[in-house]
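*Asks:* Just so we're aligned: 153 in the numbering used here is position 153 of the sequence shown, and the numbers increase by one with no gaps anywhere.
One should not assume that every hint holds.
[As the list claims (entries may be wrong)] The calculated DSS-like cross-link candidates involving lysine-lysine, where the alpha carbons are at most 27 Å apart (straight line), are:
| id | residue 1 | residue 2 |
| --- | --- | --- |
| 1 | Lys69 | Lys2 |
| 2 | Lys157 | Lys200 |
| 3 | Lys2 | Lys22 |
| 4 | Lys157 | Lys101 |
| 5 | Lys150 | Lys200 |
| 6 | Lys157 | Lys22 |
| 7 | Lys141 | Lys200 |
| 8 | Lys185 | Lys69 |
| 9 | Lys185 | Lys99 |
| 10 | Lys120 | Lys157 |
| 11 | Lys141 | Lys157 |
| 12 | Lys109 | Lys99 |
| 13 | Lys185 | Lys22 |
| 14 | Lys22 | Lys150 |
| 15 | Lys157 | Lys99 |
| 16 | Lys99 | Lys141 |
| 17 | Lys120 | Lys185 |
| 18 | Lys150 | Lys185 |
| 19 | Lys150 | Lys120 |
| 20 | Lys99 | Lys22 |
| 21 | Lys101 | Lys69 |
| 22 | Lys2 | Lys109 |
| 23 | Lys141 | Lys2 |
| 24 | Lys69 | Lys141 |
| 25 | Lys150 | Lys69 |
| 26 | Lys157 | Lys69 |
| 27 | Lys109 | Lys157 |
| 28 | Lys185 | Lys157 |
| 29 | Lys157 | Lys2 |
| 30 | Lys200 | Lys120 |
| 31 | Lys120 | Lys69 |
| 32 | Lys99 | Lys120 |
| 33 | Lys2 | Lys120 |
| 34 | Lys200 | Lys109 |
Treat the hints as calculated values from the structure; they're not laboratory data.
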Amino acid sequence: MKHTIVLDLGYSNLDNCNLSYKTEEFEFKTAVLNILTSRLSNDGYNVIFTNINDSFELQLNNNVLVSDKADLYISIDTGYSSNAQVRGHWVFYWHDSSKGKLLAQIWNKHATHVFEHPSKGIRASRPGEWTDFSHIRRPNKHNIPTILIKHGYLTNKADYELLRSLQFQNQCAEVLFFTIKEYFKDKSVEQDWRVAIGEKALNYLVNEGLITSKDKFSETLLEPLPAWVIWEMFRRLTDR
């Protein structure tokens, strides 16, 4: 058995909002949690949860953290703003946790490579400030590296559509999966991550009409593109 990961569904600040926001929030979080749990479990990690309900109340028994010797605590969350223009993803860690900061930096690196919406960066959570989230503070008391991730804003139209997308939910789970593997220096990360980047590049080329299909390249993502493909893409770009 590898390391023990605690997964948490964050908190909800949507109590006074449209019920559909709250429903979409819960569906997004549980979708990412389920996908990530499957990936981690299949890879040999021990995954445990905080108690889950649709109000996202933190019902974590401290004995879970101590007796199960949790190695990481990850809180999956979304954002909300009264300004509908605010969007993007960001990650929080407890201000005096060097391991939490490292975990946040790794996640942010992978997220900015994969996500299409903007990064709002890394933020330290501090006592007495609006960033003083119990979902970060409490695990930190047990010296467990902890991050809370706001994957996007339900109150922004573009982010809202992303959060509802199965493709994006899979991307969120994949980013977390590779973040965890890199944090523990799993040697299988590098090749898998290059393939993920290659898939994103192929999708872009298809969407731009630079190649008609990605099928013939999907199995050789780590190999250079044939010269004729590079030439054809260059020709189409210069013809625009």
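*Asks:* A separate judgement is required for each hint: does it hold in the structure or not?
*Replies:* Quick rundown of the hints versus the structure:
1. Lys69 <-> Lys2: Holds. Lys69 to Lys2 sits at ~12 Å (cutoff 27 Å).
2. Lys157 <-> Lys200: Between Lys157 and Lys200 the Cα gap is close to 23 Å, so the pair holds against 27 Å.
3. Lys2 <-> Lys22: violated, 34 Å
4. Lys157 <-> Lys101: violated, 30 Å
5. Lys150 <-> Lys200: holds, 22 Å
6. Lys157 <-> Lys22: holds, 15 Å
7. Lys141 <-> Lys200: Status violated; Cα separation ~39 Å.
8. Lys185 <-> Lys69: holds, 19 Å
9. Lys185 <-> Lys99: Holds: Lys185 and Lys99 sit about 13 Å apart, inside 27 Å.
10. Lys120 <-> Lys157: holds, 17 Å
11. Lys141 <-> Lys157: Not OK: Lys141 and Lys157 at ~37 Å, beyond 27 Å, violated.
12. Lys109 <-> Lys99: holds, 15 Å
13. Lys185 <-> Lys22: violated, 36 Å
14. Lys22 <-> Lys150: Holds - the C-alpha atoms of Lys150 and Lys22 are around 15 Å apart, at most 27 Å.
15. Lys157 <-> Lys99: violated, 34 Å
16. Lys99 <-> Lys141: Judged against 27 Å, a Cα distance of about 13 Å means the pair holds.
17. Lys120 <-> Lys185: holds, 26 Å
18. Lys150 <-> Lys185: Cα-Cα ~24 Å, so holds.
19. Lys150 <-> Lys120: holds, 10 Å
20. Lys99 <-> Lys22: Since the Cα atoms of Lys99 and Lys22 sit roughly 32 Å apart, the hinted pair is violated (cutoff 27 Å).
21. Lys101 <-> Lys69: Holds, because 20 Å separates the two Cα atoms, which is no more than 27 Å.
22. Lys2 <-> Lys109: holds, 24 Å
23. Lys141 <-> Lys2: Within the cut-off at roughly 23 Å; holds.
24. Lys69 <-> Lys141: holds, 13 Å
25. Lys150 <-> Lys69: holds, 26 Å
26. Lys157 <-> Lys69: violated, 40 Å
27. Lys109 <-> Lys157: Given that 27 Å is the threshold and the Cα spacing comes to 25 Å, the pair holds.
28. Lys185 <-> Lys157: The hint is violated at about 37 Å.
29. Lys157 <-> Lys2: With a Cα-Cα distance of about 39 Å, the restraint between Lys157 and Lys2 is violated, given a limit of 27 Å.
30. Lys200 <-> Lys120: Answer holds: Lys200 to Lys120 is near 21 Å, not above 27 Å.
31. Lys120 <-> Lys69: This hinted pair is violated, its Cα atoms lying about 32 Å apart.
32. Lys99 <-> Lys120: At roughly 20 Å apart (the allowed maximum being 27 Å), Lys120 and Lys99 satisfy the hint.
33. Lys2 <-> Lys120: violated, 32 Å
34. Lys200 <-> Lys109: This hinted pair holds, its Cα atoms lying about 16 Å apart.
The structure fails hints 3, 4, 7, 11, 13, 15, 20, 26, 28, 29, 31, 33 (numbered hints given earlier, in ascending order).
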